[in-house]
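Trainee: In order, the protein sequence lines correspond to chains A, B and C. For the first sequence, counting from 1, position 116 maps to 115 in numbering that gives the first Met the number 0; every step adds exactly one. For the second sequence, counting from 1, position 353 maps to 352 in numbering that gives the first Met the number 0; every step adds exactly one. For the third sequence, counting from 1, position 161 maps to 160 in numbering that gives the first Met the number 0; every step adds exactly one.
None of these hints come from the bench; they were simulated from the model. Where hints are given, some of them may not hold.
As the list claims (entries may be wrong) - Taking lysine-lysine and the BS3-like style, the derived pairs with C-alpha atoms no more than 25 Å apart in a straight line are: (1) B:K295 x B:K177; (2) B:K235 x B:K219; (3) A:K104 x C:K197; (4) B:K177 x B:K226; (5) A:K52 x B:K81; (6) B:K326 x A:K121; (7) A:K121 x B:K349; (8) B:K231 x B:K265; (9) B:K235 x A:K121; (10) C:K356 x A:K31; (11) B:K177 x A:K115; (12) B:K28 x B:K349; (13) C:K185 x C:K356; (14) B:K28 x A:K56; (15) B:K349 x C:K196; (16) C:K196 x A:K104.
What the hints assert, rightly or not - Covered by chain C, according to a simulated footprint, are these stretches of chain A (three or more residues, beta-carbon under 8 Å): (17) 19–30; (18) 64–71.
Model, not experiment: these values are computed from the prediction. Cβ coordinates follow ideal geometry from the N, Cα and C atoms, glycine included.
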Amino acid sequence: MSSMTVGLPLTWRRIPERYNLIGSECEICHTKYFPVRRICPQCRRKGKMKEVKLSGKGKVYSYTRIYAPPSGFELDAPYMIAIIELEEGPRLTAQVEDCNARDVKIGTPVEMIFRKIQEDGKEGLIHYGFKFKTVSGTSHILQE
Amino acid sequence: MSCLIGLRNCDYMVGIVGYGVHIPRYRIKVEEIARIWGDDGGGIKDSLGIIEKSVPGMDEDAATFAVEASRNAVHYSGVEPKRINAIFVGSESHPYAVKPTATIVAEAIGATPHLTAVDMQFACKAGTTAIQCCMGMCSSEMIEYGLGIGTDISQGRPGDALEYSAGAGAAAFIIGRKNVIAEIEGTCSYTTDTPDFWRRPGMDFPSHGGRFTGEPAYFKHTVNASKELMEKLGLKPSDFDYAVFHQPNGKFPLQVAKILQIDVGKVKQGLMTPLIGNTYSAASLIGLASVLDVAKPGSRILLTSFGSGAGSDSFSIVVTDKILEKKGYNRTVIQFVGDKEYLDYGLYVKQKRKLKTL
Amino acid sequence: MRRVAIVGAAMTKFGEEWERGFRDLIAEAGLKAIEDANMSGNELDAIYGGTMAAGRLIGQEHITALIADYMGLNPIPATRVEAACASGGVALRSGYLAVASGHHDNVVVGGVEKMTDVPVGEAAIALGGAGDQEWELFMGATFPALYAMMARRHMHEFGTTEEQMAMVAVKNHANAAKNPYAHFQKEITLRDVMKSKKVASPLKLYDCSPITDGAAAIVLTPLEKARKYTDTPVEIVASSQASDTLALHHRKSLTTLNSSVVASRNAFNMARMKPSYIDVCEVHDCFTIAEIIAYEDLGFVKKGKGGKAIEDGETTLDGKIPVNTSGGLKGCGHPVGATGVKQAVEITWQLRGEAKKRQVRGAEIGMTHNVGGSGATCVVHIMKRVN
Numbered sequence: 000m001s002s003m004t005v006g007l008p009l010t011w012r013r014i015p016e017r018y019n020l021i022g023s024e025c026e027i028c029h030t031k032y033f034p035v036r037r038i039c040p041q042c043r044r045k046g047k048m049k050e051v052k053l054s055g056k057g058k059v060y061s062y063t064r065i066y067a068p069p070s071g072f073e074l075d076a077p078y079m080i081a082i083i084e085l086e087e088g089p090r091l092t093a094q095v096e097d098c099n100a101r102d103v104k105i106g107t108p109v110e111m112i113f114r115k116i117q118e119d120g121k122e123g124l125i126h127y128g129f130k131f132k133t134v135s136g137t138s139h140i141l142q143e
Numbered sequence: 000m001s002c003l004i005g006l007r008n009c010d011y012m013v014g015i016v017g018y019g020v021h022i023p024r025y026r027i028k029v030e031e032i033a034r035i036w037g038d039d040g041g042g043i044k045d046s047l048g049i050i051e052k053s054v055p056g057m058d059e060d061a062a063t064f065a066v067e068a069s070r071n072a073v074h075y076s077g078v079e080p081k082r083i084n085a086i087f088v089g090s091e092s093h094p095y096a097v098k099p100t101a102t103i104v105a106e107a108i109g110a111t112p113h114l115t116a117v118d119m120q121f122a123c124k125a126g127t128t129a130i131q132c133c134m135g136m137c138s139s140e141m142i143e144y145g146l147g148i149g150t151d152i153s154q155g156r157p158g159d160a161l162e163y164s165a166g167a168g169a170a171a172f173i174i175g176r177k178n179v180i181a182e183i184e185g186t187c188s189y190t191t192d193t194p195d196f197w198r199r200p201g202m203d204f205p206s207h208g209g210r211f212t213g214e215p216a217y218f219k220h221t222v223n224a225s226k227e228l229m230e231k232l233g234l235k236p237s238d239f240d241y242a243v244f245h246q247p248n249g250k251f252p253l254q255v256a257k258i259l260q261i262d263v264g265k266v267k268q269g270l271m272t273p274l275i276g277n278t279y280s281a282a283s284l285i286g287l288a289s290v291l292d293v294a295k296p297g298s299r300i301l302l303t304s305f306g307s308g309a310g311s312d313s314f315s316i317v318v319t320d321k322i323l324e325k326k327g328y329n330r331t332v333i334q335f336v337g338d339k340e341y342l343d344y345g346l347y348v349k350q351k352r353k354l355k356t357l
Numbered sequence: 000m001r002r003v004a005i006v007g008a009a010m011t012k013f014g015e016e017w018e019r020g021f022r023d024l025i026a027e028a029g030l031k032a033i034e035d036a037n038m039s040g041n042e043l044d045a046i047y048g049g050t051m052a053a054g055r056l057i058g059q060e061h062i063t064a065l066i067a068d069y070m071g072l073n074p075i076p077a078t079r080v081e082a083a084c085a086s087g088g089v090a091l092r093s094g095y096l097a098v099a100s101g102h103h104d105n106v107v108v109g110g111v112e113k114m115t116d117v118p119v120g121e122a123a124i125a126l127g128g129a130g131d132q133e134w135e136l137f138m139g140a141t142f143p144a145l146y147a148m149m150a151r152r153h154m155h156e157f158g159t160t161e162e163q164m165a166m167v168a169v170k171n172h173a174n175a176a177k178n179p180y181a182h183f184q185k186e187i188t189l190r191d192v193m194k195s196k197k198v199a200s201p202l203k204l205y206d207c208s209p210i211t212d213g214a215a216a217i218v219l220t221p222l223e224k225a226r227k228y229t230d231t232p233v234e235i236v237a238s239s240q241a242s243d244t245l246a247l248h249h250r251k252s253l254t255t256l257n258s259s260v261v262a263s264r265n266a267f268n269m270a271r272m273k274p275s276y277i278d279v280c281e282v283h284d285c286f287t288i289a290e291i292i293a294y295e296d297l298g299f300v301k302k303g304k305g306g307k308a309i310e311d312g313e314t315t316l317d318g319k320i321p322v323n324t325s326g327g328l329k330g331c332g333h334p335v336g337a338t339g340v341k342q343a344v345e346i347t348w349q350l351r352g353e354a355k356k357r358q359v360r361g362a363e364i365g366m367t368h369n370v371g372g373s374g375a376t377c378v379v380h381i382m383k384r385v386n
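Pulled out of the complex, with its shape left as it was, chain A reads as follows (with noise of 0.2 Å):
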C-alpha cells in the first residue's frame, strides 16, 4: 500500500529533485529554493530562476521519530523523520536513516543518501529518492 497511487507522470517528473535534489535560485535575488520553483517568490515577475543542484549537505532543524506510521511505512516504524536546513539555505523534510536515533539533535550535520523511499504495493512501481544520515555517526566510526 503506498500512502497514494501516484501517477507516473507525476513520479517521472520528479526524478532530478528527488535522486539529485535538483532544485531553483533566482538570478536576481541568489535566494536558492527546493524543491523547483518557476516564479521567486521574493522577486516575482523581476526574478528569473535557473536550476541548481544542492549539495546534501545539511542540519537537522528539526526531527520526530514518527511511532504511529501512515500505510505504506508500516514496516518502517519507528523510524526519524526531519526537517533539514540545507547548507545552501533551502529545507526540506526528509527521513533519517543509517544512524542511531539517539545521535538525531537539533543542529546535527546531516549529508544525502540514496533510498527506496515507498513502493506502490508488490506489483507497483518503486519510488527512490533521498533521504538523510547523520555525518557525525561516520566520522565517529573513522576515529575508531
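Got chain A; can you put chains B and C on it based on the hints?
Mentor: This is chains B and C only, laid out in the frame that chain A set:
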C-alpha cells in the same frame, strides 16, 4: 571454452579510473542465526569461515546499493558523469524483473541521457562481466568511460545453509583509458553449463546443489579461468602480490589459492566474506576494492570471480602511480565494514521481510 | 459593507456516529440552526458548506449540491469551501462576506465531516492532503509528525515541556466533560497523557485530536434585521484570513504560525480591539502544542510564554482568558470541515449565555481561530454580544 582479451598491445592502457563500494551498516552474527535453528554456532562459524554477515536496511535494495557505490566511484574518479557512456549493472537481485536498474543509476549519478545502459545477471559474476563489457567498449573507443557494477541483496531461505552466508553489498568500477589508477592487463573467462544453483521466476529463495556447488562448479571454473589467464599472459603465481577470488564463504578462496600455489597470505586483504558474508555479484569486487585501498604502485592483483550456472572471469590488474593521488578520496572497505549495528534474529526477519505476512 | 449577525447556531453530537452518515449529520445541524433562527427555509438565500475531504472519506464530491438537496433547500445556490481543517472557518467567512456585501440576506453556513466510514489509515491519508503531499507526506511525514517538529523547536527555543503540552489535553478534556455535544465525556489526568502511546515524539496519543464525525451550522443575517429572528443576536465584528507556505519546512520559524499572527492582527484592527478584550476563545488545538502556539500568536501572551500560561491555569474556564470551553478539537472532537463552524457555535452559545456548565460568566466578546494544515491557512473571527 575460453577467450582472452589481451590489452598489452594497445597504444593505451584500459583500466580502473575510479571505484566505490557500499556495504549496509546492519550485521547479524552467525551464532545468532544458529541459535534459532538449534545449530552449533561455533562449529558453523569455523566451517564456513564467516563470523557475521551484512544485512540491508529496510529501505535498501540492489538499486540503492548500486547508486551509493557508483556515487562513491564517481567522486573518487573525478570523472564528469556525462562522460560515462555505458553503465552495466550485474545483479541477481534486481528490484524489478522488467525495468532496468541501470537507468536508475544513470539518472542518480547524472549520466543521462547520452549513454547506453543495461542490467546483467549471471549469479555471482555479473559484476566482473560488466567490467569486461566496459573494457571492450573502451578499447574499441565506442565509449570514453564505462561504469561496471556488481550489486546484490542476496536471499537465503530461513534455516537453509545459505542463510548463514547470504550478505548484501555493492561495488562500482569506472573503466577508461586515461588516468587509470590500475591497468587491467588482461582478462579471460571460463564458462560451461553447470546447474549448481538457480532461482526460478517468482520464487523468493534460490535452490542449490549443496556440495555439488563446490568441486564441479566453484573450484573447476575458478581454477581453470585463473590458470588460463596466467598461461596467456605468461605470468606465474608468484608474480601476483594479491589474489582475490569469489568468496561464497571464508574457506573456498583459501583452498583455490592452495590449488593455484598462491601464498594464502596474498588472499587475506581481499577476503571480506568472513565479516560481511557473501555479497554475490559484489563479492570479488568488494575484495578488489579492499586491495586497491592499500595497494602500492606496481602491485599486481589476480581477480577471479565465479557465477553459478557456471562461469568465471579472471583479470590481471597492475596498480599505477596515479593511485597515490587518490588516497583518502573514499571511505575504505574496512571503514564500511567497521561501521555496524547488530540485529537480533527478530529484527533481521523484520528487516529482510521474511515473514510471509509481510 | 453591512454589519452581520449570527441568529442561529446548532451542532450535532460529535463522536464516532456509526449510525449516521454524512447526509444525516449535515441535515440535522442545518435544520436545527435554521430552527434556532426561527426562520423558514423559504427565507434562505444561499448555502456555504465547509468540508475537507468528502472525496476521500465518503467518495462524494459536489457535496453542497447534496446538502441543498437533503435539506430541501433547492434551488438556492450552494457553494463548497475547502481549506483543509479551516474549511468550516473559511465557509463562515464566505457566508459573512456574502451577507456583508449585500448580495445575500439570509445565509446558512454548514461544516461537516464524516470520517469513520473508512479505516483509520485511510482517514489519516485524507487528512495528509492538508500538507504538502509531494514533499512532506510522500517522504513518510504525518500530521502528528509536522506538529511534533513544531513542538520540538518550541521546546528547544523556549523550554516548553511535554508536561505543559499534556496540561492542554487535561484542560480540554475537563471542558469537554461539561459539553454534552463533545466527543469525549471524561476527564483525564496528566499521567494519562504522559503514559499514552507514542505517536510522533514528543507527541503522544492524548496530545492529538481524534477522528470524529459531526456537523455544525450557523445562520447569518444583516444585523439590522437580526432582531426579527432572535432576541440575542451575536455580531461578527471581524472576519480575517491569511495564508502561509503549504509545507512546514518552508517557514522561517516553526514556533509561530505567521498566518495566525497576520489573521488575528487584522481581525483586532477590524474590530478595533486588543487581545485583552477577548472574554472567551476557541483556538485550533489539533495537537496540544498548537494551542500553546496559538496563545502566543493571538497575542494573549508573549512569544515563548504559552507553556507557562497553561501551567498557570490562565486558560481554564475560570482563568484570565478561558480557551476552548467546548473542549476544543482535542476534547470536543475534530470532524475537520465542521470544526471552524463548531467554534462559532460555541462562541455564540457563550455570548448568549447558553453554555450551561461551561458558561464563562459575563462573556461579551469571543474569538474563533481555525487553522488549515500546519498553518497554510488561518481564519479568525471576533464576535460580540449585541446588547
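Trainee: For every hint, state whether the structure bears it out.
Mentor: To see whether the hints hold, each was checked on the structure:
1. B:K295 x B:K177: 19 Å, holds
2. B:K235 x B:K219: Holds - the C-alpha atoms of K219 (chain B) and K235 (chain B) are around 19 Å apart, at most 25 Å.
3. A:K104 x C:K197: Answer holds: K104 (chain A) to K197 (chain C) is near 18 Å, not above 25 Å.
4. B:K177 x B:K226: 29 Å, violated
5. A:K52 x B:K81: 15 Å, holds
6. B:K326 x A:K121: 43 Å, violated
7. A:K121 x B:K349: 16 Å, holds
8. B:K231 x B:K265: 22 Å, holds
9. B:K235 x A:K121: 51 Å, violated
10. C:K356 x A:K31: Measuring from Cα to Cα gives roughly 54 Å; hence the hint is violated.
11. B:K177 x A:K115: 35 Å, violated
12. B:K28 x B:K349: 16 Å, holds
13. C:K185 x C:K356: 14 Å, holds
14. B:K28 x A:K56: Violated: K28 (chain B) and K56 (chain A) sit about 33 Å apart, past 25 Å.
15. B:K349 x C:K196: 22 Å, holds
16. C:K196 x A:K104: The hint holds at about 22 Å.
17. 19–30: Violated, because only 0 residues of the stretch 19–30 of chain A bring their Cβ atoms closer than 8 Å to Cβ atoms of chain C.
18. 64–71: It holds, with 7 qualifying residues against the three required.
Hints 4, 6, 9, 10, 11, 14, 17, counting from the list given before, are not met by this structure.
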